[in-house]
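Below are the chains, spelled out letter by letter.
2 protein chains.
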Amino acid sequence: MALNIFYKKDCTNHATYVIIITIALLKRQVCAMENNSKKVPEVVIKRLPRYYRYLRELLNQDIRRISSNALSNMMNVTASQIRQDFNYFGEFGQQGYGYNVKYLIDEIGNILGLNDGDTMIIVGAGNLGRALANHNSFIKRGFKLVGIFDNDNRIVGSSIHGVRVRPDMEIEDFVRENKVDIAILTLPRAAVHDMANRLVSCGIKGILNFSYSELDVPDSVPVENVHLSDTLMTLSYRIKQQKDNEQDNTEDDGQ
Amino acid sequence: MALNIFYKKDCTNHATYVIIITIALLKRQVCAMENNSKKVPEVVIKRLPRYYRYLRELLNQDIRRISSNALSNMMNVTASQIRQDFNYFGEFGQQGYGYNVKYLIDEIGNILGLNDGDTMIIVGAGNLGRALANHNSFIKRGFKLVGIFDNDNRIVGSSIHGVRVRPDMEIEDFVRENKVDIAILTLPRAAVHDMANRLVSCGIKGILNFSYSELDVPDSVPVENVHLSDTLMTLSYRIKQQKDNEQDNTEDDGQ
Numbered sequence: 003m004a005l006n007i008f009y010k011k012d013c014t015n016h017a018t019y020v021i022i023i024t025i026a027l028l029k030r031q032v033c034a035m036e037n038n039s040k041k042v043p044e045v046v047i048k049r050l051p052r053y054y055r056y057l058r059e060l061l062n063q064d065i066r067r068i069s070s071n072a073l074s075n076m077m078n079v080t081a082s083q084i085r086q087d088f089n090y091f092g093e094f095g096q097q098g099y100g101y102n103v104k105y106l107i108d109e110i111g112n113i114l115g116l117n118d119g120d121t122m123i124i125v126g127a128g129n130l131g132r133a134l135a136n137h138n139s140f141i142k143r144g145f146k147l148v149g150i151f152d153n154d155n156r157i158v159g160s161s162i163h164g165v166r167v168r169p170d171m172e173i174e175d176f177v178r179e180n181k182v183d184i185a186i187l188t189l190p191r192a193a194v195h196d197m198a199n200r201l202v203s204c205g206i207k208g209i210l211n212f213s214y215s216e217l218d219v220p221d222s223v224p225v226e227n228v229h230l231s232d233t234l235m236t237l238s239y240r241i242k243q244q245k246d247n248e249q250d251n252t253e254d255d256g257q
Numbered sequence: 003m004a005l006n007i008f009y010k011k012d013c014t015n016h017a018t019y020v021i022i023i024t025i026a027l028l029k030r031q032v033c034a035m036e037n038n039s040k041k042v043p044e045v046v047i048k049r050l051p052r053y054y055r056y057l058r059e060l061l062n063q064d065i066r067r068i069s070s071n072a073l074s075n076m077m078n079v080t081a082s083q084i085r086q087d088f089n090y091f092g093e094f095g096q097q098g099y100g101y102n103v104k105y106l107i108d109e110i111g112n113i114l115g116l117n118d119g120d121t122m123i124i125v126g127a128g129n130l131g132r133a134l135a136n137h138n139s140f141i142k143r144g145f146k147l148v149g150i151f152d153n154d155n156r157i158v159g160s161s162i163h164g165v166r167v168r169p170d171m172e173i174e175d176f177v178r179e180n181k182v183d184i185a186i187l188t189l190p191r192a193a194v195h196d197m198a199n200r201l202v203s204c205g206i207k208g209i210l211n212f213s214y215s216e217l218d219v220p221d222s223v224p225v226e227n228v229h230l231s232d233t234l235m236t237l238s239y240r241i242k243q244q245k246d247n248e249q250d251n252t253e254d255d256g257q
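Chains A and B supply the protein sequences, listed in that same order. The numbering of the first sequence is my numbering, which starts it at 3 and goes up by one. The numbering of the second sequence is my numbering, which starts it at 3 and goes up by one.
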């Protein structure tokens, strides 16, 4: 019945026309929302560090130029996805010539602010704090560890990766004087909210939070949370899926 | 001109009808693609641990029932997103009554395989390995640390969080005998590929990889990579955006 209207009088063409126009307008609207707006989608932002990592790896292997297809195979992302992602930030490649790896690294590095030489402090010099202080990839990405703080007198005064551990009561003066950009929090949950407030009040620019609690700080101070157990739970999900699949296959074989 | 066709003869109603039908069919198709397929999208899987975390937090505060709106406000996700996500796994709530928190935790825990009591070993007893061995939230999620391995004789034989550090040459026998599910790798980059192969050959079910390198193991062994510097780069991006915004505002004020 619904199809009948296509054959009534000369509505057919009109109706088709209206549909085409409507779809075109919708499509244009979606494209405009996606690309023309300055706001880069969360998923794209999250992918940039991964691109950066892979491209650095290529440069280490002395690979200077790569096609979006080759990059796509390597990263397990479609080539059109890669082109779309890069389009948010301008034209990085030339049709048929592929991408210049070094140029791409520099551009993505710029977008990510890696060339700003952001300074960081670690608050909490336990095992995790120590592990992060020794994490070379932070330094390789252009970040500079300028201070480590703890409230345990047995640790204060010692050195980790060449950086002296200071008492946490010095933190406000230190952040102000050194214009510290980033604070990495590896504190127990009970202490983390108070410390976040203190850091915000003395002008910290961003927080990398390893504590279980989500922080309540002003929007002007971005926070990235690292929930290690979330990753473990995701892995657990995938293992369960794999076990279920294998069980299904075994049952199929038995029939 | 395009609008004119709406007023020609009695095409108006037909055209509108066709548009409504087309949109409805498109919408149904999208819904079918999204919900009827058994494959749960990556983004939904990634959100499950976060739901789990928030719901556990609610239960700790003795909150037994929550509406999708309240959960939405708390988690900064739209209520319709929450309903859509949960729909992948069946009906968790009752219209107007909200969700039973305890029931939801159990169900999501089941989906994530947290009730399977997965066993895990840590390979690499450096600072990061130690930090993870002491990470209580792993245990709270139902995972059981059964072994720690290292090749440094000065560490082998000592105990971390009540678990003895063993020499890494014992790893194959241990994984086989104890049917270990998960290996957490906190090894230097140079050692990680060889270790991953050894673990796969003795039947490990999944790997949580903290090493910089992406592993090349069979699809049947899921791997989750934790790239700590990716999170730091994302934070750097947000700080840069914030600085750019502030600069724009200052320039605007100055004009």
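Everything labelled a hint here was simulated from the structure, so no lab data went into it. Careful, some of the hints might be misleading.
Stated by the list, open to error - Below, simulated EDC-like cross-link-like pairs (lysine to aspartate or glutamate); rule was C-alpha separation at most 20 angstroms, straight line:
no., chain 1, residue 1, chain 2, residue 2
1, B, K48, A, E216
2, B, K41, A, E216
3, B, K41, B, D87
Each hint tested on the structure:
Under the criterion of a C-alpha separation no larger than 20 angstroms, the hint pairing B/K48 with A/E216 is consistent with the structure, at around 17 angstroms. Simply put, B/K41 and A/E216 have alpha-carbon atoms about 30 angstroms apart, too far for the 20 angstroms limit, and the pair is violated. Taking the CA atoms of B/K41 and B/D87, the gap is about 12 angstroms. The hint holds against a cut of 20 angstroms.
The structure does not agree with numbered hint 2 stated previously, though it agrees with all others.
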